[in-house]
Amino acid sequence: MSGDVEDDLVIEAVDLSFRYPGADVDTLRDVDLRIRRGDFVAVVGGNGSGKTTLCKTFNGLVPHYWSGEFAGAVHVDGVDTWESSVAALSSRVGYVYQDFQSQLVRATVRDEVAFGPVNFGLADHAERTREALERAGIAHLADRFVWQLSGGQAHLTALASVLALRPEVVVVDEPVAELDPAAAVEVYERLAQLNREHGVTVVTIEHHAEFIARYATSVLLMSDGAPVWHLPTAEALRRAGELADHGIPSPQVVEALGRIGVDGVPRSVAEAAALVRAAEGRGDVRRPGATPHGDPDAAVAADGRVVAAARGVGHGYRSVSGELQPVLDGLDLELHEGDRVALVGGNGAGKTTLMRLLAGIQVPRTGTVVLDGVDTRTERPHRLAERAAYLLQQPARMFLTASVREDVEMFPRSRDVPDVGPLVDRILDRVRLGAVADRDGRTLSGGQQRRATLAIGLAMRPALLLLDEPTASLDVAGRDDVVAMLAELAGDIACTVVATHDMHLVAEWATRVVVLDGGRVLADTTPRALFGDAAVLGRAHLVPPQVTQLGAQLGVHPLPLTVAELAAHYAHVPLGAPA
Amino acid sequence: MSVSRAQRDVLSVEWVKLELIRTAYATRGGLFAGMDPRAVVGWYALMALAPWFTHDLTTLACLFLVAAGAVVLARVGPLVLGLFVIGLVLELVYLGLAATLFGGDLTTVVALLEVTAKLGVLSLASLAAFVSLDPEKLSDALLALRFPPAVAFAVSYGYRMMPILVEEFATVMEGYRLRQLPPQRRGFLGRRVVVHWAVVAVKAFYPIFLNTARSVRTTVEALEARGFTFATVDPRGRAIRIGSLRLQPLDVAVLAVTAVLVAACYLAGAQWPLQRP
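Just so you know, the protein sequences line up as chains A and B, in that order. Residue numbers are given in my numbering: position 360 of the first sequence equals residue 344, and the series is strictly consecutive. Numbering-wise, my numbering comes out as the position in the second sequence, counting from 1, plus 101.
These are calculated hints, taken from the structure and not from any lab test. All C-beta atoms in this analysis are idealised placements derived from N, C-alpha and C, irrespective of residue type, glycine included. Be a bit skeptical, because a hint or two may be false.
[Stated by the list, open to error] Pairwise CB distance ranges (calculated): (1) B:V104 x A:D316: 21 to 27 Å; (2) B:L351 x A:W66: 51 to 57 Å; (3) B:V300 x A:Y4: 34 to 40 Å; (4) B:V300 x A:A110: 50 to 56 Å.
[Said to hold, decoys possible] Derived list of chain A stretches under chain B, where covered just means 3 residues or more per stretch with a C-beta under 8 Å from a C-beta of chain B: (5) 296 to 310; (6) 345 to 354.
With the rest of the complex left out, here is chain A:
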């Protein structure tokens, strides 16, 4: 870091170390850090690298709320946090949690936003509330109850509630983890606007390189409780290897250009396309005509027996005011043996409802669902659970007992399946959780929790496995793990259905995509065909993976789904060779 004296620092940490009470090691070690006023910093680093603890030193939660061993000094906006208090610092630093739903404590959005200013007895509380609602772009939601909000709206409410104290710095902990992609973009756009128009310094904890590339101006890499470096974004992204070592793989466009052999660190798909075209123009790379293979999807088309079918299915829920809100409306769908189905669509499109109906947990209001040859209306849910397993979006909600092993055992043991012990051991080995089988599932990492729920599902030995957002709120390593494991399961499960917003998962794993929109099936096709269909993408608000977008901009045919597929179209021209 340069020691430029003209820098207007808003956060400065000197020799900062911190150890939680009762812990054996320091969570933060000798941190020296300077953040300029008006910066947009992305804090990155693996699990346990101290990112969240570092950010909690900014608003005084460390050391005033978490009173461990604190050494060194942190100055925020010129104030020494050790001398100050959490309450006093809240007018300088606002903090939005990863678990932002728990941050909302009042019933309506307006009360929630006014909570801080009213507590501090500020005479202009109404004015501040109005201003914060406006800056977060949620003025129209002011009178809603907080439980009526979508995830994105709730996040913006949490943001507005800290903005009402007019902080200099806003810290946002992993906004992308719990939000769908469209909502995550909305949150980032708001943060960028605050940063640009109101000079608010933004610090986000983030491990999605695409968001870092698009929004951050500098990147702080943390490892083992200390900063490794703090660099401008372009420079940081150039150190792709180092980032990958800390669990932050490069954005796909950066990786793709590296594989093709084009220099440069593009921050968007358009930039990447321009760089490739320029390289082609110079003759550095060339595209040797069409690929010899035919349709790459031809081999994977499955047409086995029907595992589950929905016929004319309609469903809906009652709202607080009592009227029926339709979710599904005359939906028809057949799932075949061998299918790997991705169920996609915006929030509220009915993905979860459809999965619960297919699993027979609920029955439709109209139409029929046939699961493995049985009309779900004619059989009890616990009997249908022997044919279909539905895994919830939040894994912790599936842990009913004090150990992973007991949770996996519960289903087969209560049904007197012979040799439960060896069966459970086999399944736990399969998901690589043998070593932690006796721990409470809630104490495991995000990726391990997912795998534990997979084990619970496998022990049910279903014909149909339904997973709700299995890659949500996972870091990249955990995500790749789950995707690989899903691919391995093909032999055991006749048909797997995944509801997801994660288009990388769709591209890498699915053989069939079902797009839900307005309570019906908008499209039922292959991932490649979906990503080539601009009309459907636009209507369902889907954004293909970067490498697919790049392929489309460069006119590559068939559309690439992975970096390897794109790279196969290009050949690097060694220096001095004729183009």
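Following the hints, complete the assembly by docking chain B onto the known chain A.
Structure of chain B alone, referenced to chain A:
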């Protein structure tokens, strides 16, 4: 046993959750919902205390009618009203049984009926008042009546947690329902099934508490950062909160009419006394 399942809109967990929200936040409206919360608390105090100064059954019957009228005006929802009626009916059955089994006669029933009627008036008044006060208003009223800020906040936050707890409970119970086979033989009067679900309901507390405890930690930190503790020592926050409370003509009118009705009940009792012998 043939099965025929259908989506139910009442008496399901989802319905209970919606009813709790409707009840807690007075979404049905009603007479008292538009009043100043302090006036509602005052009205409640009047109605809740009135039955305890008499032994006269005529007075009590009249008060019961007044309270029942208030429940209608407050638009109390079916869930809490249903629970009240079930409670009252069970109480009457118990009274009859107790009186006959323990060798009592009609006078015993009448004596017990008096207490039941008093409690009935109290319960109806509570229904009418608390269904109409959303937690924010109740919390403001408590602040205005000089309760500690932590108590006032607990009321508001308790309501906020309620739908979350109901949902956690539903999820955990659903997990048990799907993954643990209920007993195959029902036993006498479905004894085995009842025992099974009782055991599950107790076991369900373990995951519910652990799952909610996590989010509560975030809540506590966020409260601290947004001046909650500060407001408990600094009076300005309280001044702003209760500054918006205004007594309206409606409040005065409702209190006056209620006072007149209570007086009328006592007059009726004096006119047509019905005392136990």
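For each hint, the structure was consulted:
1. B:V104 x A:D316: 21 to 27 Å: 24 Å, holds
2. B:L351 x A:W66: 51 to 57 Å: Check passed, 54 Å falls within 51 to 57 Å.
3. B:V300 x A:Y4: 34 to 40 Å: 38 Å, holds
4. B:V300 x A:A110: 50 to 56 Å: 53 Å, holds
5. 296 to 310: holds (count 6)
6. 345 to 354: holds (count 5)
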